[in-house]
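Student: Sequence lines, in order, name chains A and B.
The numbers in the first sequence follow the numbering used here, run straight up by one, and end at 478.
The numbers in the second sequence follow the numbering used here, run straight up by one, and end at 282.
Bear in mind the hints are in silico, worked out from the structure with no lab data behind them.
It cannot be assumed that every hint is accurate.
[Unchecked claim] Capping the alpha-carbon separation at 25 Å, the derived lysine to aspartate or glutamate pairs in DMTMM-like fashion look like this: (1) A:K446 to B:E146; (2) A:K446 to B:D141; (3) B:K203 to B:E157; (4) B:K203 to B:D141; (5) B:K203 to B:E156; (6) B:K203 to B:E279; (7) B:K203 to A:E368; (8) A:K446 to A:E368; (9) B:K203 to B:E138.
The model shown is predicted, which means the values in this text are computed figures rather than measured ones.
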Amino acid sequence: MTALGLLNMNSDQEKATSSASTYEQGLLRSIGFMARAGLICVIIGAGLQLFLEGNLEANVALFDLPRGLMNLEPAALVSVGIGCFILGPAIGLVYLLTALVKDREPQAAIFAAGVLVIMALSLIVKLVLSGGAL
Amino acid sequence: MSPIDSLLVFMIALVGGGVGSLAGFGGGVFLVPILSLVLGIPLRAAIAASAISVVVTSLTATRVYLRQGKVNIRLAIVLQLTAALGAAFGGFLVVYAPVALLQIVFGLTLYGVVVALLRRPTSSDYSAENADPFGLETSYNEPATEEEVTYVPRRVGLGMTFSTGIGLLAGMLGMGGGPLNVPVMSMVMGVPLKAAAATSTFMVGMTASIGALVYFAGGLVEAAVTLPAIFGILVGATLGARFSSRAPAKLIRYVLIVVLTILATMMLFEAVG
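Please model the complete structure; the sequences and the hints are all you need to start from.
Tutor: Right under this line is the structure:
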């Protein structure tokens, strides 16, 4: 193996290492953002709900969220927060998918896309089975 | 649900999160049976609360492991594809299957977790020389020895098959699958134990979120149960991680085995009784 070949392999390895670090940093940012957003919404919403209603009994369904948020219902904010938590891993996957596509790693990108498709289909099938009503 | 009940949920989740963290898995295995059997919370609501708690715990813990560089992101994505299929199907079963079936599956799964605890994975015989068609080779720095640990997971197909089953159980039962993921990765796939735990932590969030998405869309999420569960598990897991170095690991493991066996048996009796 020539020195040039070794040099290329080394620079490939360095590139791979820096790509891996980039993925980790990007994942940290994306899931960190969703976790913080969820926590803020849940704390504010639950605090308001407890203050105004004295309990956490009210729940806002998915399709009622826009109306609930427009009416400034604390339970809607709580639901948004819970939604942020649930979607945190999905947002991390979206970041990974875009990064893998950008880095031209088709095999890993296909797997990431597959997981996202399954997540989306789960929700769509549930909505269809419920007849669109939640 | 009264404020006292919400406080009880918080305390149960706190203990579950702490003990689970000491044992190396999430609090879901405790939370669901105790909430449903002891507090009388509907099983589906307990499962939904547990799943979301697992997602939150995973989001928090994954950030720590990502900083340590222990998460094998590519391996997680590969295994997650089949786990996601299982979890999606499991999530639907929660909404439509009879409660008794869920209780039976949960009870049997808890027995499986007991067996996994009894067998307890030891350090795997990992290798960096395995064939690597999926490009899964990675390394991390082991602080204990200050060495770079490099490995290539093996038997990926078998790992994916196991992941499907684990995902199905996780989706049905509101768990993350951690107690089952780690033995599969370390004993079957030759992943070093710490990397297996870190990668599993990353995976359980994705797995649990698929089920949680279906529960959320199905209106099974009750804030009065879910919010105390989330905060209880978060606080408990944080405290558990903080005190893990001082905790008597063997004693905790034996206590867990006894408690889980009791819960599994209660769950099965509830199903047939």
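Student: Now tell me, hint by hint, if it's right for this structure.
Tutor: Here is what the structure says about each hint:
1. Between A:K446 and B:E146 the CA atoms are separated by roughly 20 Å; this keeps the pair inside 25 Å, and the hint holds.
2. Annotation: proposed proximity of A:K446 to B:D141 holds, straight-line Cα distance about 22 Å (limit 25 Å).
3. Annotation: proposed proximity of B:K203 to B:E157 holds, straight-line Cα distance about 13 Å (limit 25 Å).
4. About 20 Å separates the Cα atoms of B:K203 and B:D141, which keeps this hinted pair within 25 Å; it holds.
5. Restraint check for B:K203 and B:E156: satisfied, since their Cα atoms lie roughly 14 Å apart, inside the 25 Å limit.
6. This hinted pair does not check out: B:K203 and B:E279 have alpha carbons roughly 37 Å apart, beyond 25 Å.
7. Simply put, B:K203 and A:E368 have alpha-carbon atoms about 17 Å apart, close enough for the 25 Å limit, and the pair holds.
8. For the hint linking A:K446 to A:E368, the alpha-carbon distance of about 15 Å falls within 25 Å, and the restraint holds.
9. Taking the CA atoms of B:K203 and B:E138, the gap is near 19 Å; set against the 25 Å cutoff, the hint holds.
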